[in-house]
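Could you put together the complete structure from these sequences and hints?
Take a look at the letters that make up each chain.
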Amino acid sequence: MTQYESFEYDVLVIGAGGAGLRAAIAASAAGAKVGIVCKSLLGKAHTVMAEGGIAAALANVDDRDNWRVHFADTMRGGQYVNNWRMAELHAREAPECVRELEAWGALFDRTKDGRILQRNFGGHAYPRLAHVGDRTGLEMIRTLQDHGIHLGIDVHMECTVLALLTDDGRVAGAFGYERERGRFRLFRAKAVVLATGGIGRAYKITSNSWEYTGDGLALAYNAGAALIDMEFVQFHPTGMIWPPSVCGILVTEGVRGEGGVLLNLERRRFMFDDIPENYRAQTADTEEEGWRYTQGDKNARRPPELLTRDHVARCIRREVRDGRGSPHGGVYLDISWIREKRKDAAEHIKRKLPSMYHQFKQLAGIDITEQPMEVGPTTHYMMGGIQVDAETQMSTLPGLFAAGECAAGLHGANRLGGNSLSDLLVFGRRAGRFAAEFALANQWARVDEAQVNLAAARAISPFETAAASGSRENPYQLQADLQEMMQELVGIIRTEAEMHRAIEGIDKLRERAGRVAVTGNREYNPGWHTALDLDSMLIVSEAVTRSALERKESRGAHFREDFPAKDADSGKFNLVVQKGREGEMQLARAPIPEMPSELKQIIEEMK
Amino acid sequence: MPTATFRIWRGDAESGKFEEYTAEFAKGMVVLDAMHRIQAEQAPDLALRWNCKAGKCGSCSAEVNGTPRLMCMTQMSALPLDEPVSVEPLRAFPPIKDLVADVSWNFRVKKQIKPFKPRTPDAADGTWRMYQEDVDRVQEFRKCIECFLCQDVCHVLREHHLHDEFIGPRYFVYAAALEMHPLDVEDRVGELKKAHGIGYCNITKCCTRVCPESITITDNAIIPLKERVVDQFYDPVTRLFRIFRRST
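Those protein sequence lines, which keep their order, are chains G and R. To convert, take the position in the first sequence, counting from 1, and add 7; that gives the working numbering. To convert, take the position in the second sequence, counting from 1, and add 26; that gives the working numbering.
Misleading hints may appear alongside valid ones.
[Claimed, not checked] Okay, the calculated beta carbon distance ranges per label pair: (1) D175(G) - T93(R): 51 to 59 Å; (2) E511(G) - E46(R): 40 to 48 Å; (3) D351(G) - P147(R): 28 to 36 Å; (4) P600(G) - A52(R): 51 to 59 Å; (5) A457(G) - F44(R): 40 to 48 Å; (6) R325(G) - A52(R): 25 to 33 Å.
[To be verified] Straight-line C-alpha distance at most 25 Å; calculated PhoX-like pairs for lysine-lysine: (7) K220(R) - K231(R); (8) K211(G) - K53(R); (9) K53(R) - K368(G); (10) K559(G) - K579(G); (11) K40(G) - K140(R); (12) K140(R) - K252(R); (13) K143(R) - K219(R); (14) K40(G) - K137(R); (15) K252(R) - K231(R); (16) K252(R) - K143(R); (17) K219(R) - K137(R); (18) K357(G) - K119(G); (19) K220(R) - K252(R); (20) K211(G) - K515(G); (21) K143(R) - K40(G).
[Unchecked claim] A short list of chain G residues far from chain R (calculated; beta carbon distances all over 12 Å): (22) G231; (23) R331; (24) K350; (25) E456.
These aren't lab readings, by the way, just hints derived from the structure by calculation. Every residue, glycine too, gets a C-beta built ideally from N, C-alpha and C.
Right under this line is the structure:
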C-alpha cells in the first residue's frame, strides 16, 4: 500500500510557464477548481528566458499586417506540415491575447503614439513582436503569475509528476512527489492539462534548464496518447559558445532584429551567400537595404540574417565546417557596427538589448557595444510533441489536454521566433477553457491503486538498487552520456547510419538506467530527481530518432545529409508515435488533411 | 586545471555544518558550475536550486563568502581562491536542505498586496494609450527576477525577523510598480504604512547594493512610497482636509 497525500481538482495543470498559467487562469474563469503542479518555484519556468517578444498582428507599427499575413508566415516557416487550423486560430487570436496581458498589467514598450511597440523578427513579414526590451518572457510570466495568484488556484511548487492515471480510456489524475520531503502526492482530476515545455536536456548544448526533460511527452506517451512531429527539433542559430561554462545560453534573435549581422572569420556577411528560393523575393539584395529594413523602412526587404532559424543554423554550421568559423568554433554576431550608422549606438543597444549587454559583460567579459559576440547553434525548442485537437487542445486520450511547447502542430517543421509566446497564450487559454468544459461535463474517473503502486515502486527503485549488491550507475553520468550521444548522432545534420547507432545507444542506456542508484534520503535529493528524469529523456530521445529516421527528406529543422532535398510526397504527412501493446514504440504516417480553399488562397497571395 | 576549495553548507531543517570539497575549474566558470561538478562527482544529493543559468530566473540565490548572490552570475575568477569559498543558503529564511531555503513566505506576502486594477479603457479601440516616458520607471521595477537577495540582506527581516510586520524590499518594489503603473487606480498607501511596515525601512540601501538587476530599490521605489505615506498621513494640509471631510 502506497502512502500519499491526496488532492482533488476539476482541472489539474502540470507545468507553470506561460501555457500552464494561462490555462489555469482560463479554467478557473470557466468555474473549475484548479490546481497547478510545477517542478520549480512559481515564476521560474523557461518562459522567463524568452527574450524577443510575442508575435501578434496588432499592426501598430505597420498597418499592412493582419492575421492572414501572420498565418502565411507561420505556414511558410513551418514548411507547410503545420496543423493549418492551429496556425489560423493562432494568428487570429494572438492580438486579443496580447491586449489581455496589457489589461492584467503588462507594460510593453510603446510606439510614439502610445500603443504597444512591435519589432522585426526572423520570418515575420512586418514588425510584429510586442516586447519589453529583451525580457518579454519575464514580463509575460510575471503578469500571468500576479494575476493568477488572486484566483484561488492551488499551486504545488517543487513537485514532479511521475505518472498519469487512467481509467477506461480517459484520464483520472496524476501521481507525483513533492521535493522538500520526498513524499508522494495523488491528484484526482477530471481533466489534466499538460504544459511541461520542451526536451532540450536530451542534448548536450542547449538553452534549456534542468527541467526540460520531456516529462509531459513521456507522461502522455505512457498513458497511451499520441506524439507527433518528433523529428523537428529547433536548433537556435545563436547560442553563446565561449567560455565553455556558458555554452548554449541563448542570444536573442532580437540582436539581428535591431541590425546585428553575422560574420565569418574573414569578417564577411556570409548569410548573403545562400538564400532559399521561397524567401528570395522577401530578402534584401544589399547590406544597405537590410539595414534600412531593421530601421523601419517599409520599402526595404529583410536582411538574410533574419531568415528562419533552421536555415541560419545550417549556414553557421557550414561556415564552421569549411574552416571559416571564429576561434572558438562559431561565427561572429556583431551589433557594435551600428556605430557607423547611429551616433547613440551604445545607448541604443543597452536600451534595446539590456539583458544581452549584461549577459556578455558578466559571463564572457565582452562589451557588445564595442565588440562582436561569438555564437553557434544551441538546442532550443521542440516543434513536435503531444498531438492535439486544434480547437480544444485535447490529446488523443480523453480528458488529457496539452498546450505550449509540449503540444505539437502549430509550428510544423520550424517555429518562427515570437510564435512561442503567442502559442502559450492562445492555446493555453483554449486548453484551460476546454479542460474546464470537459471537467464540468464529466463524472469523476476511478483511481486505480495498481497504477499508483506501480508508479511508486518505480520511483523508489533507485534507492533499492543502491542498497542491494551488484553494479550501479550514476544518474548524472547516464544523463551526460545520453546528451553527448544525441548531440553527436541526432543533431542538426543527420544520417541514417548515425541514427541507427543512436537507437542502439538508447537501448544500452536504457539497460544501464535499470541499474541507476541514488544515495542519501528522499528529502530534496537532486540525484534522485535526475534518476527519475532518465525515463522521460530516453522515451523522447527514441521518439526523435525513430521519427528522424523515417522522414527521408530535409525539411525545416530536420536535415538529412543522405536526403538533402525537400520531397513533395513527404510534405503530405506527419509522423505519429504511439506506445504499442507490448510497450514497443510504434510509428505511423498521418496524412495532412486538405486545407480549405480560403486558407490556400491566402498562402497563394502571400507567396 | 586549477582547483578551488569550497566550504558548502550541508544540513537539513534542524542542523548542519560546513563541509569542504575541492573541484577543478576552467576559465569562465561560475560558482554554480562548480556546485554542479561537485554534485555530479562527489555529492550527488547536494540540494540546490537553479534554472536558467543566465541571471534571468532568480533561482540560484545563495550566500557566497557571506554575500547574497546569484551563483550563476558569480565568476570564480572574481573570488579570492587562496582560501576556501563558503557557499550557504539564504539565511533570512528557514533552511530546508543544503543550499535550499524555504522562501515560501515571499509567495504568501505577494498575495496580500492588492492586485492591479486598471482604469476603464479610454482609447477609441477599447484599450489605453501610454507613452514610453510614462512606463520607463515602472519597467525598471518589473525587471525584478524575484531572487529574494534583497529580502535576504534586509536587516529588518534578517536580524529582527519582522516577517509578520514588514513585506521587505522586493514587495516595496512590487507595490511601487503597481502604484506608479499609469493605468492603476487602486490605493495601497494605507496598507504600506500599517500592514506592510514601510516605516521600518531606514534606507541603508543594502537591498539596492545586492540587486542583480541593478534596480535602484531604495531611491526609486521605497523613498517615493514613503513620501506617499507621508503625504497622505502626515501632511498638515491633508490632515486638516481629512478632519474637515470626516466632520461634514
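Checked hints:
| no. | hint | in the structure |
| --- | --- | --- |
| 1 | D175(G) - T93(R): 51 to 59 Å | holds (57 Å) |
| 2 | E511(G) - E46(R): 40 to 48 Å | holds (42 Å) |
| 3 | D351(G) - P147(R): 28 to 36 Å | holds (34 Å) |
| 4 | P600(G) - A52(R): 51 to 59 Å | holds (52 Å) |
| 5 | A457(G) - F44(R): 40 to 48 Å | holds (46 Å) |
| 6 | R325(G) - A52(R): 25 to 33 Å | holds (29 Å) |
| 7 | K220(R) - K231(R) | holds (22 Å) |
| 8 | K211(G) - K53(R) | holds (19 Å) |
| 9 | K53(R) - K368(G) | holds (15 Å) |
| 10 | K559(G) - K579(G) | holds (13 Å) |
| 11 | K40(G) - K140(R) | holds (22 Å) |
| 12 | K140(R) - K252(R) | holds (18 Å) |
| 13 | K143(R) - K219(R) | holds (20 Å) |
| 14 | K40(G) - K137(R) | holds (19 Å) |
| 15 | K252(R) - K231(R) | holds (14 Å) |
| 16 | K252(R) - K143(R) | holds (21 Å) |
| 17 | K219(R) - K137(R) | holds (17 Å) |
| 18 | K357(G) - K119(G) | holds (19 Å) |
| 19 | K220(R) - K252(R) | holds (12 Å) |
| 20 | K211(G) - K515(G) | holds (18 Å) |
| 21 | K143(R) - K40(G) | holds (24 Å) |
| 22 | G231 | holds (31 Å) |
| 23 | R331 | holds (24 Å) |
| 24 | K350 | holds (20 Å) |
| 25 | E456 | holds (30 Å) |
In terms of the numbered hints stated before, the structure departs from none.
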